[in-house]
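If you read the sequence shown in this note's numbering, its first letter stands for residue 13, the second for the next number, and so on.
FYI, nobody ran anything at the bench for these hints, they're computed from the structure.
Treat the hints with care, as some may be off.
Said to hold, decoys possible - Taking lysine-lysine pairs in the DSSO-like style, the calculated list, with each CA pair at most 30 Å apart, reads:
id : residue 1 : residue 2
1  : K91       : K277
2  : K91       : K46
3  : K322      : K361
4  : K46       : K112
5  : K25       : K105
6  : K230      : K267
7  : K230      : K277
8  : K91       : K25
Said to hold, decoys possible - Pairwise CB distance ranges (calculated):
id : residue 1 : residue 2 : range
9  : D303      : S28       : 53 to 61 Å
10 : H287      : I235      : 47 to 55 Å
11 : R313      : R225      : 38 to 46 Å
12 : N90       : E349      : 21 to 29 Å
13 : R313      : G246      : 30 to 38 Å
14 : E306      : A259      : 39 to 47 Å
15 : G246      : E135      : 52 to 60 Å
16 : M41       : R225      : 51 to 59 Å
17 : G271      : D303      : 30 to 38 Å
18 : E270      : T95       : 31 to 39 Å
19 : E108      : S343      : 18 to 26 Å
Heads up, the beta-carbon is just placed ideally off N, CA and C, and yes, glycines get one too.
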Amino acid sequence: MMDADNNKITCPKCNSQNIQSEGVIHLCMDCGYKWEDEIQTDLGEMIIYQSDEGVRLDVRLENKTVWLSIEQISQLFNKGRTTISEHISNIFKEGELEEKVVCRKFRQTTQHGAIEGKTQSKEVKYYNLDVIISVGYRVKSIQGTRFRQWATERLHEYIVKGFTMDDERLKNLGGGSYWKELLDRIRDIRSSEKVLYRQVLDIYATSVDYDPRTDASKLFFKIVQNKLHYAAHGHTAAEVIYERADAEQPFMGLKTFEGELPAIKDIKIAKNYLHENELKILNNLVSGYFDFAEIMAMEHRPVYMMDYVKQLDTILQSTGRPLLKGSGSISHQEAMEKALAEYRQYQVKTLTPVEQAYLESINALGKIAKRKGKQNDSH
């Protein structure tokens, strides 16, 4: 086996490091024990998929467990390779896990960097699910928290049973169903009739580190929403509501709403105040956002929340749109208070269809009564 600290090979029988090796074959010069590394072919990928129901792992299984390299674990927890390597070394040092049980080498085939059309193979160390869970207890990240939660809920049994029962589906799809389903999901969101801000939130939820319960996710969505609005018409969502909600204007300044007259829920949505041209610009900007998400899914590249924010700035700069700096001059609370105040004034001045019909019926009855009064006077 391989020592985690100095990469020296240790005899699994006598623990001697006086070893002669040729490729994957090793001979202990002290006790004479000879062994060969277990080498497997390319292993599938592991991707975290966060949904409202929880996390789903779309993986290939080997001996009823998951195997990941240090690079993959680093990507999973969004931590540096050195940090993950230190955690793994400490796990073995402290005797929490036995390295020869939880660590294996797999042969990885990649495209040759210098010779086009030629592939090259190398041996890469992989660690099983027990190591991944142990690292999850040690790192400080959202994914680490999730793994700690899963571990207490018998994560090992959940993954093994869940994907053993679904083995035929994995064989048929080649283990890549996550990306296909993600791409289908993105395209489904894109073609939906949902209001714009819901579309953005749905695409945002495809980030591997998205968790709707965290303040970070809520804050990032507000940032994205305001950047899009500002690029389209020069105002944040709060600013456009504050400036355009006006009881003196037809329909209180709204350009679109449900029903015959604006309701409270309508006056709180910034998009409802936009002119047709502004709305088209906003939709086109969001379309570029979806293009980026689709490309990432097709290329099997995980996207974090901050990646979406950075890409949005790139899209806006390439189209010459203004970039929002800061959070704007009007707070959400100020916008809501102004909109509600204008709405109350608007209600006083505006009759609902029921009120209008009632007044019309009263006027009609009054006219009938006048005609009858004139007829009686003539007699």
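Verification of the supplied hints:
1. Restraint check: the Cα-Cα separation between K91 and K277 comes to about 42 Å, which exceeds 30 Å; the hinted pair is violated.
2. For the given pair, K91 sits about 37 Å from K46 by alpha-carbon distance, which is inconsistent with the 30 Å threshold.
3. For the proposed pair K322 and K361, the alpha carbon gap of about 46 Å is over 30 Å, so the pair is violated.
4. Using a Cα cut-off of 30 Å, the hinted pair K46 and K112 holds, with the two alpha carbons roughly 16 Å apart.
5. The straight-line distance between the Cα atoms of K25 and K105 is roughly 19 Å, inside the 30 Å bound, and the hint therefore holds.
6. Taking the CA atoms of K230 and K267, the gap is about 27 Å. The hint holds against a cut of 30 Å.
7. Taken as a hint, the K230 and K277 pair is honoured in the structure, with Cα atoms around 20 Å apart against an allowance of 30 Å.
8. Distance check on the hinted pair: K91 and K25 sit about 35 Å apart at the alpha-carbon level, beyond 30 Å; violated.
9. Between D303 and S28 the C-beta distance comes to about 58 Å, which sits within the given range of 53 to 61 Å.
10. The hinted window of 47 to 55 Å between H287 and I235 is violated, with their beta carbons roughly 24 Å apart.
11. At roughly 25 Å, the beta-carbon separation of R313 and R225 lies outside the given 38 to 46 Å, and the hint is violated.
12. For the hinted restraint 21 to 29 Å between N90 and E349, the CB-CB distance of approximately 39 Å leaves it violated.
13. For the pair R313 and G246, the supplied restraint of 30 to 38 Å holds, since their beta-carbon distance comes to about 33 Å.
14. For the pair E306 and A259, the supplied restraint of 39 to 47 Å holds, since their beta-carbon distance comes to about 43 Å.
15. About 57 Å separates the C-beta atoms of G246 and E135, a value consistent with the hinted range of 52 to 60 Å.
16. Checking the proposed 51 to 59 Å range against M41 and R225 shows it holds: the Cβ atoms sit about 57 Å from each other.
17. Checked against the hint of 30 to 38 Å, the C-beta distance between G271 and D303 comes to roughly 35 Å, which is consistent with it.
18. Remark: the range hint 31 to 39 Å for E270 to T95 is contradicted by a beta-carbon distance near 51 Å.
19. For E108 and S343, the hinted distance range of 18 to 26 Å is not satisfied, since their beta carbons lie about 49 Å from each other.
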